[in-house]
Amino acid sequence: MKYEKLWSFSGNGKLWAFAGKKTLKLISLLIAVCLVSFWLVEQSPIDPVRAYIGEMSITPEHKAQLEEYWGVNMPPQEKFLNWAGNIAQGDFGTSLIYRIPVTSVIGEKFTASLILMMTSWLISGILGFILGIIAGMKRGTWIDKIIKTYCYMLAATPTFWLALVLLMVFSVYLGWFPIGLSVPIGVISGNVTFLDWLHHLILPALTLSLIGVAQIAMFTREKLTEVLSSDYVLFAKARGEKGLNLVLRHGIRNVALPAVTLQFLGFSELFGGAVLVEQVFSYPGIGQAAVAAGLRSDVPLLLGIVLVSAVFVFCGNTIADIIYEFVDPRIKQEADS
Amino acid sequence: MISAAALTLGSTPRDADELIVAAAGTYAEPEEGFDPLHGWGCGHMDYEPLIQSTLFKSADNGSIINDLATNYSVSSDGLTWTVNIRNDVKFTDGVPLTAKDVAFTYNTAVGSNSELDMSNLENATAVNNTTVKFKLKEPQSSFIWRLRYVGIVPEHAYQKETYGQQPIGSGPYKLVQWNKGQQAILELNENYYGKKPYFKKITLLFLDKDASFAAAKSGKVDVAGLENSYANQSIDGYNLVALPSSSANGVSFPMQYDTGKKSLSGEPVGNNVTADIAIRKALNVGINRTALVEGVLYGKGDVEYTGVDQRSFGNPKAKVNDSNIEGAKKMLENAGWKDSDGDGIREKNGTKAEFKLYYNSEDQTRQALSMAISEQAKQMGIKIDLIGANWDEIYAKQYSSAVLYQYSSADTFSLYMQYHSKEADSGYNNPGLYNSSVVDGYLEKALRSTDQSQATEYWKLAAYDGKTGYGPAGDATWLWLTTKDYLYMVNKTIDIGTPQNNTGKDILGNIYEWKRINENKTS
Chain A
1 MKYEKLWSFS GNGKLWAFAG KKTLKLISLL IAVCLVSFWL VEQSPIDPVR
51 AYIGEMSITP EHKAQLEEYW GVNMPPQEKF LNWAGNIAQG DFGTSLIYRI
101 PVTSVIGEKF TASLILMMTS WLISGILGFI LGIIAGMKRG TWIDKIIKTY
151 CYMLAATPTF WLALVLLMVF SVYLGWFPIG LSVPIGVISG NVTFLDWLHH
201 LILPALTLSL IGVAQIAMFT REKLTEVLSS DYVLFAKARG EKGLNLVLRH
251 GIRNVALPAV TLQFLGFSEL FGGAVLVEQV FSYPGIGQAA VAAGLRSDVP
301 LLLGIVLVSA VFVFCGNTIA DIIYEFVDPR IKQEADS
Chain B
1 MISAAALTLG STPRDADELI VAAAGTYAEP EEGFDPLHGW GCGHMDYEPL
51 IQSTLFKSAD NGSIINDLAT NYSVSSDGLT WTVNIRNDVK FTDGVPLTAK
101 DVAFTYNTAV GSNSELDMSN LENATAVNNT TVKFKLKEPQ SSFIWRLRYV
151 GIVPEHAYQK ETYGQQPIGS GPYKLVQWNK GQQAILELNE NYYGKKPYFK
201 KITLLFLDKD ASFAAAKSGK VDVAGLENSY ANQSIDGYNL VALPSSSANG
251 VSFPMQYDTG KKSLSGEPVG NNVTADIAIR KALNVGINRT ALVEGVLYGK
301 GDVEYTGVDQ RSFGNPKAKV NDSNIEGAKK MLENAGWKDS DGDGIREKNG
351 TKAEFKLYYN SEDQTRQALS MAISEQAKQM GIKIDLIGAN WDEIYAKQYS
401 SAVLYQYSSA DTFSLYMQYH SKEADSGYNN PGLYNSSVVD GYLEKALRST
451 DQSQATEYWK LAAYDGKTGY GPAGDATWLW LTTKDYLYMV NKTIDIGTPQ
501 NNTGKDILGN IYEWKRINEN KTS
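Top line first, the protein sequences correspond to chains A and B.
Our numbering puts the first sequence at residues 1 to 337.
Our numbering puts the second sequence at residues 1 to 523.
Check the hints yourself; a few may be wrong.
To be verified - Taking lysine to any residue and the SDA-like style, the derived pairs with C-alpha atoms no more than 25 Å apart in a straight line are:
1. B:492 - A:168
2. A:63 - B:492
3. B:317 - B:492
4. B:180 - A:264
5. B:180 - A:91
6. B:137 - B:73
In case anyone wonders, no lab produced these hints; they're calculated from the structure.
Quick caveat, the model's predicted, so the values are computed rather than measured.
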């Protein structure tokens, strides 16, 4: 009884309950995700030895040796339990392709992807929000129509196609931006400046941002329209407030938080988009590593990437949940009702 | 304003003696690092590991010449190879390279689980500082190729987990920076013992072929590897260079009749159409290979009859005259393949002259080649059904259907693997399950020979000895079609010297001869 009271009445208790629930969820999610990805790799008809050596002729002895290395003849349950046992001890194993620890591979690739994803996440969030506000304010005017059309078009544009178009126009024809990579060609790290680095980031980040804008802009637009037709805005209008001032004072405050929440929920899409953009811009990231691991049955690496990306998306969702639960419970009420 | 700022940033100024190469698929990124024992340069094509040096090198005519080695001898039983090496070579960290390093390299390669096949090497031992002995399990003349492409690593500085990231070698270049997934920057090894290249710095860009082309178009690279379908493209300021290679495309034929037998992996074996020598011979004689080179390869390649036409161990007598549709038809008629029901396809004892041909659907060149030969075969009354598939499906079907393969090995051992009956159904080799005791005999003799020129003679006899052989004049086990060139866009300011014959995939093989002319033109 006493405990129940604590749970329900103390804010601190609620926080703990929330954290406990989330941790349990994360653990079960990770286990499920690992099992499914492992099962999928096992089911794939890809012969890792063939994938490794290509069309080269090899002796049966050599083939047997490589099969042992790739664990071809090891029973799947043994392979999985080995892996899971090591993970429990914090050992992610060694990547079969890269031949270095999985944690090093992920560390390198994920950092690069993270910078790209976070930059575009911020830009698309801010840009989308501003566009949404403008469209909402000027609802029904030509500005609104332009923004709406732009959003619909973007929502229907494949990421890699947009990336290719931008690459062709800005890098190949105009020559304003590099043709890819995250560092300048042939320059020793010590001589790479922050500007160089930024210069390489702009085009891939822009591609991801442009695509990400649509959802947040449309959402903000809808939300703002709703707010602007509410009683308290009517009341404010009656008091003589109008125009930008009105929107700033009553609109943005009420729209911002739901928009931020939505933006955090977009972590998963961000991930998918980044994989394609990395491919087009030869940007070294986690996406390329994941594709290689899948196509060549590098089980330790693939499962490592799956774990990390699941945690990443989970974090985004959790932040959104925290906003629901603690920062602005109104959102939850709205969703529940 | 923005564009101006971007422009100054965008044009990376480079010195005349800096070279930027984007040659995907040739100097592709070694994911495992620049470690010869894990794949760097040790594939059968990549001859020049740049960072390390090898015991032997290839001369322009494809023969073997000394690099680190000063000479070698093979014991009369073929089991012991003794190689003497130079005494004036140092690794880039200043430590001399001795026979101990060579022995260490090969002994470590045995258990490296990499592309390097060292399963026939018992061990290597350093007799003294400049002599190393290799003990083989079985005599193997093709072992020379193992000595040809393995870069020598230093025993004192080799650790399997870290060497690939910071390699120390004795080659013409040293690795100064590796941006994984993007580029490797190499600088000249000032203490290199051989002829020093002109270029002091090479940047290898790891871009896919489309991106390489874009990079050349925007003037950012000196050399860009191209897809063969780009053969009719041009870029201002660049020359299109086509380098002959040993990448031969050919169709493998199931050689056995379908008796309901299954392979070790449970796949169907045999094909009643391709098992008939008349069908295989007719295709070899009737197909117009020159048309394939012109039509599919845009003229950037050569006709191919045995898969190794261009090599020193290729046998010109094994070739046949082709584009002879009338001759092909006559062969088919004589063998009893006649079109009696008038549907344009011949039959024999109720079997239609029809078979499936698998090709890798990701490769446009193979698809185009498959379509072209299927069209040509139609005129002879043979129906070829094309199936584009992925490799795993193809390998499952290779014992019962024809497959369009590409073999690019310069190593004689691949001949043994491709045609010896012992290798049938043993793994990935001899897809047609060819079984000829005569050819087996030649292959054995060639492989067990202790003398390279004698071995070459036997490799040739295996293709055709006047009566039989794997080549089209003999059993016509394959329908070899073309050898494709490797295409590069090379900046006009670069003089690439005379590239070695048939090593088109290894454009940097003769980097010693490269230089930049017209230096003031670079930006």
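Residue 137 of chain B and residue 73 of chain B: Cα distance at most 25 Å? Given pair residue 137 of chain B, residue 73 of chain B holds - Cα atoms ~17 Å apart, limit 25 Å.
For the pair we were handed, residue 63 of chain A and residue 492 of chain B, check the Cα-Cα distance against 25 Å. Violated. Residue 63 of chain A to residue 492 of chain B sits at ~44 Å, over the 25 Å cutoff.
Decide if the proposed pair is consistent with the structure: residue 180 of chain B and residue 91 of chain A, CA atoms, cutoff 25 Å inclusive. Cα-Cα ~23 Å, so holds.
Take a quick look at whether residue 317 of chain B and residue 492 of chain B sit within 25 Å of each other, Cα to Cα. 41 Å, violated
Are residue 492 of chain B and residue 168 of chain A close enough, with their CA atoms no more than 25 Å apart? At roughly 23 Å apart (the allowed maximum being 25 Å), residue 168 of chain A and residue 492 of chain B satisfy the hint.
So if I understand the rule, the pair passes when the alpha-carbon distance is 25 Å or less; does residue 180 of chain B with residue 264 of chain A pass? 30 Å, violated
Checked against the numbered hints listed earlier, the structure breaks hints 2, 3 and 4; every other hint is satisfied.
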